[in-house]
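Chemist: What follows is the residue order along each chain.
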Amino acid sequence: MMKKLIQAVILILVFYLILKLGIPALGSFLHHGTWPVVPTNLMRIYVFFIVAGVLLYLTFNEESAKELGKPIKEVYGNPEKGGLRMIVIAVIALFGGYITYQNVKPSFEAPVELRSIHPAPPSSVEMWGKPYNLLKLTNPFREDKANFEKNAREGGIVFFKNCFYCHGDKLDGKGHYNSGFSPMPANFVDVGTIAQLQESFLFWRIGTGGPGLPKEGAPWRSAMPIWQHFLSEEEIWKVILFLYDYTGHSPRTFG
Amino acid sequence: MGFLGKGLFKGVSFRFTSLTACLFLIFFASTLILPISHNASLSLKPAFATESPAPAGEHAAPVLSKAEGKPEEGKKEGEGKFTYQPAPKIKVEDYPIVKGFNSRIAVWIVAQLHLFFGAFVLAVPIFVLVIEGVGLATKDERYDHMAHEFIKVSMTAFSITASLGGLLSLMLVSFYPDFFKYMAGIFGKTMIIYALLFFGESFCLYVYYYGWDRMNEGFSKWLHLTMGLMLNVFGMTLMVLSNTWVSFMMAPSGIDDAGVFTGDIWAAIRGPLWNPINLHRFIANIAFGGSIVGAYAAFKFLSAKTDEEKAHYDWMGYTANFIAIFGFLPLPFAGYWLMKEVYGYSQQMGITAMGGAFAWLFIIQAVLIGSLFLGANYYLWCGMGRIKGSERYTPAIKYLIVVIVGCFLVWFTPHTLIMTSKEVTQVGGTHHPVLGFLGVMSAKNTAVNILIVSTFLSFMLYRRSNKIATASWTSTGNALQVALFAGGAINIVTLGVYGYFIPANIRIGLSIPQVMTTLTIIIVSSVLDGFMYKGAKSTGPIEWGKMGQRSQYALFLLAVSFTWLMGLMGYVRSALRQHWHVYTVFRDNSLDAYTPTLGYAAGIITIAVYIFIALVIFAFWIANFSAKKHAEASH
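First to last, the protein sequences are chains A and B.
Numbering of the first sequence is given in this note's numbering, commencing with residue 772 and proceeding in unit increments.
Numbering of the second sequence is given in this note's numbering, commencing with residue 239 and proceeding in unit increments.
Keep in mind that the hints were calculated from the coordinates and are not lab data.
In this text the structure is predicted, and so the values were computed from the model without any measurement.
You may find that some hints are simply not true.
Claimed, not checked - Simulated pairs of lysine-lysine, DSS-like, Cα-Cα distance not exceeding 30 Å:
#	chain 1	residue 1	chain 2	residue 2
1	A	LYS876	A	LYS852
2	B	LYS578	A	LYS986
3	B	LYS772	B	LYS705
4	B	LYS636	A	LYS775
5	B	LYS772	A	LYS907
6	B	LYS327	A	LYS901
What the hints assert, rightly or not - Here are some, though not all, of the chain B residues that point toward chain A, as calculated from beta-carbon distances under 8 Å:
#	residue
7	MET409
8	LEU467
9	TYR637
10	GLY674
In this text, a Cβ means the ideal position worked out from N, Cα and C, and glycines have one as well.
Produce the entire structure from the sequences given, and follow the hints as far as they go.
Modeler: Written out as structure tokens, the structure reads:
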């Protein structure tokens, strides 16, 4: 009678364990010495849809659906199963209570923040006392093919004098001070960072630093300095040229 | 031609009616054709201009007169100078306050409801016309009855759409007069044409609906179909016309930097987002309309008293689900095109949508779209239970579920993960080394294409359930199909993986071969199946009505998910303008000129969805009531 119900529980457990252990194991394989867990918030959504998938599988067929529902009907509908019913209700209530307690119990951990890593840039920005239209802004050194290598090398010098302490000599975000920051410095090699962005975006981000982020970017959490205070416009454009040249990415274009 | 003698309506001769109808159609067709003809922009220019210098008001920028520059083309000697207003710079006190109303919430909800109903009443005539045509071609009256019932459901909705449209216009005039004035200064004539087209649409709809039983034979049936076609022509023109106002607000064109209309209405109409919005709305309307009539069929199925009724509404629900899926499958691609154009128009807008403030609404969108796929597939799998012979294919369903749920998980995995600080430490940063790969478009495109291919496979298995192919080359055909699906899936995944190694701008372009692969699988295997199952042996008829009740809730899920999805994503599209009435041209300086929190926005949209569902239930009830009366009268 319990066959389908047990099957459902086993299937859910198996898929849960595949995600719970499989993803960190794969991450550990890619980056030795780490155990990148699946964030709890995401895991909850995953589990919800795993449960939904298992239920869909066990109920699309009439007989299977009836068999799955049979023990539930038996416990709740059979007057002779009053004792068992009370136990089941008590277990469900206690489980609900446990989940609630886990969610509301006091903790010293900082609350979860919804931080947007690449928030939308403003349409214009003021740097070095003059306005820049970010919608139309392009890198003035990009089209100078004759001096490209020279400019990129000069950008590299700027990078290694100022940026590599955090962003690392491989531009992978693993500089000397890496572990001291949360959020950690950006990994430019990753396909999800500068490869997704236009050069004007980088110009704005570097020039205005962490404090220049909009609210959804949680400016209070970023340790990025306001580089317009330390670098010239030309140096910032050259360092952008270097970032793309070194990583092999191309600046994002549209249309 | 039998109805010639009877007269179309009691007391009205056919000749008179048909003559009036023809004149009416010619008149409206001419209004329709005029604006798109080549010379139209020349002749329309003066008509779109304000005839006297526009009052600038205290807050408005100086009026720029086009006539002071070079003379307007088409302008005659002696006519007044044509001037266009720049976008006014209004202040908070310029927005009228109507006691008891919050301007933004009122306009938001009414506009959303108008769009829900508008989408529904534009969609229903499209598939009603197709179903009626199928009925005529196959000479199967059941199609005709079903098409009639579908259009009946939309009749009350049509009135509600019109009422909401009127209410919306009045609200815009009352709450945002300066904005409305500016828009009318540019699009005034299109607004009038819109209203006239609405008359044309109403005329066609009423003749189409009320003439259904009378115009059901011979030539009159063709005339009836023509009415249906004209109804759709009017409906579609209405939609693309109103889309111009929306796309102008998002990505204005045909104006200078001060927001002064250049006088070329065609330039103002064909903004960069106009056609992507047209296509996206057209496809989405079909999917949405199908899901709503599917909910109607489910409602009727669950309340059916007899087996005949159950069988009828089961079949109707199946057809509606088919329409919804048919519209739904190409929808993600139209969405990609729209977002690509949004990014192309403004990086800021694109990132705000998908990487910034609204990114989490896209995650909700992904969850809802995944639910739609699950719901639509579940309905098909349940439906196989009423087909003798489907046992051959049901073992494959468990693999389909694993693939569909797997793709779904990839589809909604966000790029920016919400993590506690402890988790950030464990992961080694905010970028997850495994899940991070699932957050970019390469993974999303791959997942959605596999989802679509799997859904199509479910549909194929459903269709094959009660058939045994008799063609001599059946085993070769099956092998070809297996190779097609496997090869296609490998190609989609390989392209997806390849996307990680190339620049982002080229990566986006990979979605085209991925989509082409999906379409090739769908088209080629449909053709192969068509030939292979021609003259196939049947294992028994589909036992309509023998469907589990829970499957009907999948149809409700589709309707509610589509509605909520439309509201949420419509909000994102509209809110991308942020504090602008017309992006970068006409600033919103009202008290509500800020982007609300996602929770607040989702709350307002949910209220609009509740109201819509309540009104739809009302429309169902009215349709039900009329059916009861009809049945009693027949009895």
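Chemist: Does each hint hold? Answer for all of them.
Modeler: Status of the hints after comparison with the structure:
1. Taken as a hint, the A:LYS876 and A:LYS852 pair is broken in the structure, with Cα atoms around 35 Å apart against an allowance of 30 Å.
2. Simply put, B:LYS578 and A:LYS986 have alpha-carbon atoms about 25 Å apart, close enough for the 30 Å limit, and the pair holds.
3. The straight-line distance between the Cα atoms of B:LYS772 and B:LYS705 is roughly 10 Å, inside the 30 Å bound, and the hint therefore holds.
4. A threshold of 30 Å between alpha carbons decides the hint, and for B:LYS636 with A:LYS775 the separation of about 14 Å falls inside it, so the pair holds.
5. A threshold of 30 Å between alpha carbons decides the hint, and for B:LYS772 with A:LYS907 the separation of about 59 Å lies outside it, so the pair is violated.
6. Note on B:LYS327 and A:LYS901: the hinted pairing holds, with a Cα-Cα distance of about 24 Å set against a maximum of 30 Å.
7. Against a cut-off of 8 Å between C-beta atoms, the interface hint on B:MET409 is violated, since the closest Cβ of chain A lies about 29 Å away.
8. The beta carbon of B:LEU467 is not positioned within 8 Å of any beta carbon in chain A (closest approach about 36 Å), and the interface hint is therefore violated.
9. Restraint check, B:TYR637 versus chain A: the minimum CB separation of about 10 Å is more than 8 Å; hint violated.
10. Hint status for B:GLY674: holds, given a least beta-carbon distance of 6 Å to chain A, under 8 Å.
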